[in-house]
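Student: What follows is the residue order along each chain.
Number of protein chains: 2
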Amino acid sequence: MAEQVRVVLDAMGGDNAPVEPVKAAVEAVAERQDIKVILTGRQDVIRKELEKYPDYRKEQIEIVNASEVIETAEPPVFAVQKKKDSSIVVGMNMVKRQEADAFVSSGSTGAVLVGGQVIVGRIKGVQRPPLAPLIPTTEGVSLLIDCGANVDARPSHLVQFAKMGSIYMENVVGVKNPKVAIVNNGAEEEKGNALVKETFPLLKECRNINFIGSIEARDIPFGYADVVVCEAFVGNVILKLYEGVGAALIKKVKEGMLSSTRGKIGALLVKPALKETMKSFDSSEYGGAPLLGLKGLVVKTHGSAKAVEIKHGIFQCVQFKQQKINEKIAERIMEDQ
Amino acid sequence: MAEQVRVVLDAMGGDNAPVEPVKAAVEAVAERQDIKVILTGRQDVIRKELEKYPDYRKEQIEIVNASEVIETAEPPVFAVQKKKDSSIVVGMNMVKRQEADAFVSSGSTGAVLVGGQVIVGRIKGVQRPPLAPLIPTTEGVSLLIDCGANVDARPSHLVQFAKMGSIYMENVVGVKNPKVAIVNNGAEEEKGNALVKETFPLLKECRNINFIGSIEARDIPFGYADVVVCEAFVGNVILKLYEGVGAALIKKVKEGMLSSTRGKIGALLVKPALKETMKSFDSSEYGGAPLLGLKGLVVKTHGSAKAVEIKHGIFQCVQFKQQKINEKIAERIMEDQ
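These protein sequence lines are chains A and B, in that order.
FYI, the numbering used here numbers position 186 of the first sequence as 186, with every residue one higher than the one before it.
FYI, the numbering used here numbers position 218 of the second sequence as 218, with every residue one higher than the one before it.
If you're looking for bench data, these hints aren't it; they were derived computationally from the structure.
Model, not experiment: these values are computed from the prediction.
Errors might be hidden in some of the hints.
No copy is singled out in the list; a pair is fine if it fits within one copy or between any two copies.
As the list claims (entries may be wrong) - For lysine to aspartate or glutamate, the following DMTMM-like pairs were computed, each having C-alpha atoms within a straight-line distance of at most 20 angstroms:
1) Lys271 - Asp152
2) Lys191 - Asp152
3) Lys191 - Glu276
4) Lys251 - Glu139
5) Lys252 - Glu139
6) Lys191 - Asp15
7) Lys84 - Asp219
8) Lys191 - Glu74
9) Lys36 - Glu51
10) Lys176 - Glu189
11) Lys306 - Glu3
12) Lys240 - Glu190
13) Lys240 - Glu189
14) Lys251 - Asp219
15) Lys197 - Asp152
16) Lys306 - Glu198
17) Lys254 - Glu276
18) Lys240 - Glu188
19) Lys271 - Glu255
20) Lys82 - Glu3
21) Lys191 - Glu71
22) Lys240 - Glu216
23) Lys251 - Glu216
24) Lys48 - Asp15
25) Lys83 - Glu59
26) Lys252 - Asp219
Chain A with its partners taken away, still in its complex shape:
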């Protein structure tokens, strides 16, 4: 059996805590023996929740008490500094001390990003750790890198994002020689804002990545690139608009179908297929967004994540550890310096 991967799971984070994180932990260890899940949070609350599952694999689940909870509305830097006994800070400290390999949370994105940087810390040479969710496309998934909180990136940051994203897609998602593109406002090489124009030639020169040039936003959902590189402000717009346009369109389609008897009958018939399609275009199926470039993996799952997403997040950590992603990142970053 492979070495056990130790994943700390924030039992207090997200809209559905502690119910869904605890359920995810129980289901994850039921499926795989090479995982140990360490639940951080209020011990009494977690114990009570675990009692719902009389038969879970006790030897693979541990509880580490943390008396505080960081709320989503709290200013993240202040919260991470002040709430030393919160589930997020306690969990990240375990990764820092190498008592665990990875940390998964559906809690405050800001606190997870801040904690990742100031507690877990960056791999030597990594300038800025990007948050890189997998987004659904008609062909599968692409990695959108960066969607983090640090905006106004420099060209050298984007080059590192391209490298880290390539390693992740190749080794964790399993895409051979992943196509890397930079988000641009046109396909022609002279297009772009100042940042893109400066970054483009650097990516072109970059060894070890399969750079295919610019990608226009229209082509992202069709999977033209496996690794979609952009500055975090733009990444945030892409990620949230994806969600918004999808939701708005579904709302309109439903309303449209229900406005006639013919449509209503048809709606009943297409419902299962429609549901299946929507599921495949739902980013929560893909297990959350890794924060890359840290000394240990941090995965941010949606605030509204259910057990299935959190479980996928845990499995991502296993793949990440077993594929030695951080060793690969450290090597690749140093190569070009």
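Starting from the structure of chain A, add chain B where the hints point.
Tutor: Same frame as chain A, now just chain B:
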């Protein structure tokens, strides 16, 4: 009868020229008497096309010969300088000499943007003319300003976009006291890149606009704001991703429905409703994007525009002229200087 509005229409521009522009001209004048359409392009080609319509209102359509055509692939600055007898340059010169009030084209976006600035020219005080398409939302339409070719805007540009966009939405689209928001990577006031952080307080202080704060990309398709202000690179990403996510989702839904017999029957039944919905979420229904802040209106319709879109573009020009939008923009811009 109101004074006739003189609209120059590029008969050579777009994928469907001259068929669709000529059709649009014929249909527009059939519907309204307060319009005169001036078709620019190769006289013989336009004449031949017009012969298809034996009964059109001849007194409302004029042809002005232009022997050259600017292709979409040509570098726009060079093309506008060199092809003095192209349909775009000839048409814009008519607006400049006040022989026409507005210019509509489905041709090269770059050439239209360049021509608007260098031939038609800016209203005094306007720093940068924004391209502002109407985008569909679940509530109707919003104005996305700026989606033009000039990226890396300054805060003062964005403030002018907010003002011009408000005037347009109020007077051309008919939204009373339109809600103005700036695209941001979070709802909290401390969020934003350097540009947004600098622009936010300026918009807050701005008189005569109904500024409601930040808008996250997720909320754009739900019509939370009537005027969505952003820098052109971000605007381009929003506009194209709108299109891309919509198209990808429809493709997936169709595939999903056709994968089972039950779904196939249902698909037949929901088809009309689905088609209607898609139409309401199709930006081509809204008549193209105005290039604001010029001494005369310039409207860019899609390269793939059909007659109905071009006709709406022509009607937009009428509303624009009759509502004295440029006089209002000139006043509002000067007010705060």
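Student: Each hint should be assessed against the structure and marked as holding or not.
Tutor: Outcome of the hint check:
1. Neither within a single protomer nor between protomers do lysine 271 and aspartate 152 lie at most 20 angstroms apart by alpha-carbon distance, with minima of 43 angstroms and 45 angstroms respectively.
2. Taking the closest pair of Cα atoms, lysine 191 and aspartate 152 come within 20 angstroms of each other both inside a single copy (19 angstroms) and across two copies (12 angstroms).
3. When the C-alpha separation of lysine 191 and glutamate 276 is checked against a cutoff of 20 angstroms, the pair qualifies neither within a copy, at 38 angstroms, nor between copies, at 36 angstroms.
4. For a Cα distance limit of 20 angstroms, the shortest separation of lysine 251 from glutamate 139 across copies, 11 angstroms, qualifies, whereas the shortest one inside one copy, 24 angstroms, does not.
5. In the homo-oligomer, the alpha carbons of lysine 252 and glutamate 139 lie at most 20 angstroms apart only across protomers (10 angstroms), although the nearest pairing inside one protomer, at 24 angstroms, exceeds that limit.
6. Taking identical chains as interchangeable, the C-alpha atoms of lysine 191 and aspartate 15 are never at most 20 angstroms apart, the minima being 42 angstroms within one chain and 22 angstroms between chains.
7. In this homomeric assembly, lysine 84 and aspartate 219 never come within 20 angstroms of each other (Cα to Cα): the closest approach is 44 angstroms inside a single copy and 35 angstroms across copies.
8. Proximity of lysine 191 to glutamate 74 under the C-alpha cut-off of 20 angstroms is restricted to the inter-copy arrangement: shortest distance 14 angstroms between copies versus 40 angstroms within a copy.
9. Taking the closest pair of Cα atoms, lysine 36 and glutamate 51 come within 20 angstroms of each other only inside a single copy of the chain (18 angstroms); across copies the shortest separation is 79 angstroms, beyond that limit.
10. For a Cα distance limit of 20 angstroms, the shortest separation of lysine 176 from glutamate 189 qualifies neither inside one copy, at 26 angstroms, nor across copies, at 42 angstroms.
11. Proximity of lysine 306 to glutamate 3 under the C-alpha cut-off of 20 angstroms is found in neither arrangement, the shortest distances being 27 angstroms within a copy and 62 angstroms between copies.
12. Within a single copy, lysine 240 and glutamate 190 get their C-alpha atoms only as close as 28 angstroms, which misses the 20 angstroms cut-off; across copies the closest is 19 angstroms, which meets it.
13. Only between protomers do lysine 240 and glutamate 189 lie at most 20 angstroms apart by alpha-carbon distance; the minimum there is 18 angstroms, versus 27 angstroms within a single protomer.
14. In this homomeric assembly, lysine 251 and aspartate 219 come within 20 angstroms of each other (Cα to Cα) only across copies, at 13 angstroms, whereas the closest approach inside a single copy is 23 angstroms.
15. Taking CA atoms no more than 20 angstroms apart as the test, lysine 197 paired with aspartate 152 passes in both settings, with 14 angstroms inside one copy and 12 angstroms between copies.
16. Taking the shortest Cα distances, lysine 306 and glutamate 198 never come within 20 angstroms of each other, neither inside one copy (41 angstroms) nor across copies (38 angstroms).
17. For the identical chains of this complex, lysine 254 and glutamate 276 are neighbours both inside a copy (15 angstroms) and across copies (12 angstroms), given an alpha-carbon limit of 20 angstroms.
18. For the homomeric pair lysine 240 and glutamate 188, the shortest alpha-carbon distance between copies (16 angstroms) is at most 20 angstroms, but the shortest distance inside one copy (26 angstroms) is not.
19. In this assembly of identical chains, the alpha carbons of lysine 271 and glutamate 255 lie at most 20 angstroms apart whether taken from the same copy (14 angstroms) or from different copies (13 angstroms).
20. Proximity of lysine 82 to glutamate 3 under the C-alpha cut-off of 20 angstroms is found in neither arrangement, the shortest distances being 35 angstroms within a copy and 69 angstroms between copies.
21. Proximity of lysine 191 and glutamate 71 under a CA criterion of 20 angstroms is satisfied inter-copy only: 18 angstroms between copies versus 42 angstroms inside one chain copy.
22. Taking the closest pair of Cα atoms, lysine 240 and glutamate 216 come within 20 angstroms of each other both inside a single copy (17 angstroms) and across two copies (7 angstroms).
23. Within a single copy, lysine 251 and glutamate 216 get their C-alpha atoms only as close as 26 angstroms, which misses the 20 angstroms cut-off; across copies the closest is 19 angstroms, which meets it.
24. Taking the shortest Cα distances, lysine 48 and aspartate 15 sit within 20 angstroms of each other inside one copy (18 angstroms), while across copies they are farther apart (66 angstroms).
25. For a Cα distance limit of 20 angstroms, the shortest separation of lysine 83 from glutamate 59 qualifies neither inside one copy, at 29 angstroms, nor across copies, at 78 angstroms.
26. For the homomeric pair lysine 252 and aspartate 219, the shortest alpha-carbon distance between copies (15 angstroms) is at most 20 angstroms, but the shortest distance inside one copy (23 angstroms) is not.
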